[in-house]
Amino acid sequence: MIEKFNKIKLLPWPLIGVILIIAGLGILMLYSAANGNLHPWAFKQLLRLFVGLILMVIVALIDMRTWIASAYFFYAATLALLVFVELLGFVGMGAQRWIDLYIFNLQPSELMRLALLLALGRYFYTADSKEMRNWRFLVPPVIMIVLPVALVCRQPDLGTALLLMMGATSILFVSGIHWGYFLGVSCTALASAPVLWSFLHTYQKNRILNFLTPERDPMRTGYHVVQSKIALGSGEVTGKGFLKGTQSHLNFLPEKQTDFIFTMYGEEFGFLGCIFLIALYCIWLLGSLEIALNCKHRFGQLLGVGITLSFFVYVFVNIAMVMGLLPVVGIPLPFFSYGGTALITLLISQGVLFSVHIHTKSRGHRLF
Amino acid sequence: MDDILNEKFQRRTLILGGIQGGLFLGLVGNLYRLQVLENKHYKNLSDKNRIHNFLILPDRGLIVDHKNTILAHSKNTYIAYFDRTQVQDIPILVEKLKQHITLNEQDENWIYKQLKTKTKIEPIIIKEQLTYAEVSKIEYFLSELSGVYTDNIRSREYLNPEPFAHVVGFVSSISQHEKTKNSALLMAPGFQTGKTGIEKFYNDSLVGRPGAKKVEVNAYRKVVRTLAYEKSIPGDNLVLNIDSKLQLKIYELLMKHNSGACAVMDVHTGALRAFASAPGFDTNLFVNKLSHQNWNDLSHNIHRPLINKLTSGLYAPGSIFKMLVALSALEKGSITSAEKVHCPGHYDVNNHKFHCWTWKTGGHGYVNLIDAIASSCDVYFYKLANKLKVDDIANMAKRFGFGSITGLEIAHEKAGLIPTAAWKKAKYGKRWSMGETINVTIGQGAVLCTPMQILRMMAALVNGGKLVTPRLVESTPEQSSIISVNQQHLGLIKQGMHNVLNHASGTAFNSRSKNKNFEIGGKTSTTQVVRITEEQRKKGLTKNSRWDLREHAFFAGYGPTHDAKFATIVFVEHGEFGSKTAAPIGRDALLLAQEILG
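Line by line, the protein sequences are chains A and B. If you count the first sequence from 1, position 116 lands on 122 in our numbering, and the numbers rise without skipping. If you count the second sequence from 1, position 569 lands on 741 in our numbering, and the numbers rise without skipping.
Next comes chain B alone, as it looks inside the complex (with noise of 0.2 Å):
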């Protein structure tokens, strides 16, 4: 053998055996950086890919009536979703799950919305309320729709949800702003929340604590065992004091005039037995996505169907406003109640025609404080105006609960406004003037208030002066302030009212009860929404006849009249005539209330 290849074989084969043994060295370098050094980062990647976290959804606590009939409860739905940070390309995604589901313009659109508005951590709704099909269908194809998930959740469904729409509300995604106070539900997909009525306002003791589950999977996306779950524990169930019987009876009854509210209220307790605002609308249409159409339609509505007008109308209380009005002159010691005012049909101050309502030409007569009230003569109370500042009669007001919230479990009730010369001061920069307290006397000029607050004053007046706050909740407890009035006075009113529905005289005789068991009382008002002009007047008109522009219907009543148990409010919006549209749906909602609740 030639000895120098040889030589040269030996000293090769050596370089080649060290090369190999710098290659392995390199190897296992390499392996100590992945398997020592760098570990915990691939254990995290390898625990999410087969680890993955699901919240369980709570059942949200039902909504029932007194009676126990259910309002609102929960359930079962199919929603699908996605988890962006597992989505390579979003747009192909979407094209994948339209061969699988149908997803429309609109449903597109809101994933693409959701994208823009949601944290990168935040479950993306692809679609809710999928076909038993749709899920199968999903769950079949879901190794190639990654990121994909469906679930099984609980959704919300209202129960004749039209007439309660005001009082049950609604619930709905949660949105933006409302994520930093349930962080954890954030992960969890179809969580809905509280957005109206009482499930906003119990909406904590509604929703219940969410279980978890956590679960193992393999790369095909199926779940291969539970590593561990916690039950989700259901939100307390509501009882209302309402009784649906009276509830849709009197929803029926406001739904012949198109527009207006009406509630029944326990004197003593403030429980509320009946709380509608017509029209309703269907709740339904809110706890999943709401179509544009849905949506244009109801805003639209020039009913506005979706005003809560018992606690966020606000209106001029006219004529029921002078019960305070009295009363306020009644506990200056202004009047007493035998003395009588001469009605004229008018009454002019610096050259200004103030008019009496009353048809009856020269007026109302000499009539007595009770006779006033009874016929609801302007006149009589025109002339207090000299007697009583505007600041008397709204502090009468104000112990009587106007120009601040009831305090019932609604959100966002207004407050109304009683004026008072230092609100007009302060607000005008201008003296408070005559003209403007005989506008306070009956009910009308700055004063506002919401049909709630009328039906507060109204359970006072004859309550013996106890001011309650209406309660929609069985569970709320009772609350009441005492008003310190003269008995004796506030019996005076209450015989005005009595005599409203119950005296040939009165406004509203034609809607009195003729159950002698169960008399009612009661005021109604009629309040101009567009002033008419002394042209008109001399034209002979008094009536518009565009629907919009016509009078507001009033009417505030209690029953039985010796005993008061009940009283209630009646809006009805353009009604025109409070003794015509408004006073009789008040008389049937007593009688009713009596009749299912007495």
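Isolated chain A (complex conformation) (with noise of 0.2 Å):
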């Protein structure tokens, strides 16, 4: 019991107060959102919130060696979940993403995400040099990421499709394998984007399309961009004041309390606002990938970049795709939109990343 409430001294608290700042703003735009009112968003999320923060301390007290034991099997019960949602799962707006289990849905793609992580962790954190040269050796972790990816893309959500990629990625990256490969991969991907194009879906090649050019159709699949970006530039500088959005207020903005509740604080808060929120990330960012890089265990360090990026992706991604820069694929912007299974993955994945801070031993020099 002492050494648990040691543990929780041990908990970079600066970092979770940056988080908190963060999901209260999220909680007033959401209370902004219903227009002045707590439901039915603003009261529900700050549960969920509570929920998901004791989550997190319960997951930062597991013991980094029970992650790595438990990595495979963890990684084989999610996949083995999606395959289930493959089968069974419900179809809920228009993609096969859920698992009902009567206190909310599950989404197994989302457990995904740090699934993944953890099993290329344990995979590449017993690996050296010599063997990081051998193609062989590369062969099961690419068949690890593929898999996951192939599910995802079926159902179809290219948004999580992507957060896998990039995380995955990530690790490889810094796990050292030669740079020859990526550049390999990147090149042939790009090769292949004629095929891959012909396996998407119309509404994600119109999304892409209408990413291309927002204005081509601004009445049917361009309308959301079109009007975010109309609500991000009438914010202008300072807002147009808490409550006081007309793209949101008025339901021009649409899906204003998740992908583009970041438009909704932009419009009501302004350019400052933007820049507020943006460094509250820029901070929280850096605190987690500090923690990957003061971490002496390999497989913290591994899990602790994959974690970050995949962190940095969702903020990037969905702030770039409301201000029309990337096509709209439906990420949320982290403890900010509405949304209980992302809220509740993403601090379970912070837990996991503490965890790493707790138990492995300091370098010394920290930022929090």
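Keep in mind the hints are simulated off the structure, nothing from the lab. Please read these numbers as outputs of a predicted model, since none were measured by experiment. Even glycine gets a Cβ: it sits at the ideal position worked out from N, Cα and C. Zero decoy hints are in this set.
Restricting the straight-line Cα-Cα distance to at most 20 Å, the calculated cross-link-like pairs of lysine to aspartate or glutamate (EDC-like) are: (1) B:Lys597 with B:Asp564; (2) B:Lys421 with B:Glu334; (3) B:Lys386 with B:Glu402; (4) B:Lys247 with B:Asp323; (5) B:Lys638 with B:Glu503; (6) A:Lys250 with A:Glu261; (7) B:Lys215 with B:Glu388; (8) B:Lys461 with B:Glu350; (9) B:Lys555 with B:Asp520; (10) B:Lys372 with B:Asp231; (11) B:Lys288 with B:Asp255; (12) A:Lys302 with B:Asp175; (13) B:Lys421 with B:Asp454; (14) B:Lys417 with B:Glu767; (15) B:Lys372 with B:Glu585; (16) B:Lys180 with A:Glu137; (17) A:Lys302 with B:Glu179; (18) B:Lys290 with B:Glu280; (19) A:Lys250 with B:Asp219; (20) A:Lys136 with B:Asp175; (21) A:Lys136 with B:Glu179; (22) B:Lys180 with A:Asp134; (23) B:Lys428 with B:Asp760; (24) A:Lys250 with B:Glu388.
Residues from chain A shown here face chain B by an in silico Cβ test under 10 Å; the list is partial: (25) Phe179; (26) His255; (27) Cys288; (28) Val311; (29) Ile325; (30) Leu331.
Given two chains presented individually in distinct reference frames, assemble the corresponding complex, making use of the accompanying hints.
Here is the structure:
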């Protein structure tokens, strides 16, 4: 018990503070999205945040060795769940993503984000530089990546597929395998893009086409992005004021409580508000990356970078997408967008990162 | 741990961190562009999304008769229109609309026609006079009919339109060439402007001032709140000098003869108490989109209902013109009232035979001036051609208002033509001939005038030589000018006109007023439309069997003869005999005017 208490003391509390500020702003925006109401979103999200924070601390207290030991099992179980939704999951929002757990819908693809990172960390942490030069050594991790990505793509959930790829790639990158592989894969991917194009759903194709020229069809598929840019731009430097965003409150802005919540924030708080929020995200990401850098254990290092990079992808893709810089792929803004699974998965990942922080000896110089 | 790998890890992690930082800087840069550099553009777009401006059309002023009987008012009606800048695909929109409201082929064609003629910012009318059910349906599906609007507007309605068609006129949608005047009202769908009659002449005071409404709408295009509201100011009401009862009775009398016109005027003030051109037409048809069928019916009708015969019809005045010929001879001192002239029934000049109208063999015999007017003896006037120049007659005619518009409140009034020697020289390069003067003495030849000019002349002859400007609207100021003529000469002319109806030799003796307190005077006229040739005359043919080749019938009159109050002009198109068709109407019109207004 005392040991547990000491561990809690070791948690990077300033970083948790940053997360709470971000989540607090998010709940404020959910309150605004409901026209100054706690319901239906803000209160529910607050509860989830509370549950999520407890889960985060519990996960953080679990010994890192437990994560190493159970990594492959966790991966296999999640992969099985993914296959399960492929066969049995019901269709929601046009995509097969959820298992109804009666209390909340489980999205195995969200779990997979963490499971894949754990499995890859587990695979690479024992490897030495000699092994790394052998191409056969890279076959198992590639299979580990391709299987879930293919399943998630089938659902279809481009956003999650992208997150899985980016997180996994970052681990491969920092594990030290030859950079030539990355160059090769990139070139192959570019060359095979036309083939991949034919596998995409019509709505996905439209999203990409509309991303390239959003004014192509402003009243239909391009509508989201056009309206989002109008909302952001009309927020100007200081914003229209809390609860006063016209684009969001008059419903010109779609999905304002989920994927487009940053737009609503930008409309109401303007450029200065956006800079403040992005700064908070930078501090959070730096703090997370610092945990990885300071970790002496290779598993912790690899996992830390993987988790941090997937955090980064969330933030970057979401903000870039609402500004029309990337296609709309359905990635939420961490701790900000409404949605239970995303928030809880994020906090669990954060807990795993904290577990790395608590259970490995520090190198001494810390940001927090 | 493998030191090489650890070193690689540290290096590559820092590279990743650098890439992330760079990408975040990119995001911030793009936010700066959107929110700081280009914010004006997006602010405008955001306002365009949520703020809609509407003009509120003012209520058009009422048009009432002098007893406040309403002739034209505004009623509620619904219209649907769209803003083309907000519509992606117009054919698709039209198809969608067809699911909710009935749009026939003509409605559809009209939409596409507007697209060609209207500017980008003007609303395109989908349909006018929508039923409540149709409006509700459109309102219900408004969120999928982007760019479509409905409005409850005030539209003109004419009560009892036919008899008043040419007085009141009508309003209709603004046309392209009128647009520069009312640029603010361009954006108001359903805006109507006066096209004819009083509606056109007094459009500026009837129209009122539009109000404006600024509302905030949500994405489903429901109005959330009103941001600004400025009330419209209704137009001024107009009171006409017309008496509805008199107008209706006169119109009824005229319609028995299919086509004609009649006006009754106060000889002192110029106030028009009746102003009817028959047949009239349903002016309400023009307020909304006129169908091709209706337009064809009206424009091809041989009785020409769309023409205001009182101000736009040009006719030879015929015998009515004789008063002015007589007056110019008297003023010139060419004749005296006692002088008698022999009428053998014709007058021969240079081998040409000018016939007197009379059916009596041997003509009228010896007639003096008063007899000549009463019996309308042509020969008496033919012979004046020896003593008068055409320019003498023209001068007198012009002093009585011929050759120029009367100036009443109706646009496009015609001025007519009073020929002079100089006119002929300029137009045909030829000298004026005696034969032509002879024709002019009986109001034929090149002489052309409108019935309103005859009425004005009649008033001046009987009110002591005051040329009044006819007025349809009560508030139009009275206007007149004095024609300096010898009052005794006017008295002689009046005596002649008195005898036309009250002396057994008078052409309109049968149409006399039997009311001793209200005797009437006047002059008839029957004018040829087609010359009857000598050959036809020998065969005994003096009448054409085809309606449109028959003579026109006129009667200009006044009453009471002892102290003239009202003057009238009656025109019956192809009515054959002024004395038989036009004079009875004139008598009834004057007696009715006395009964109603006296």
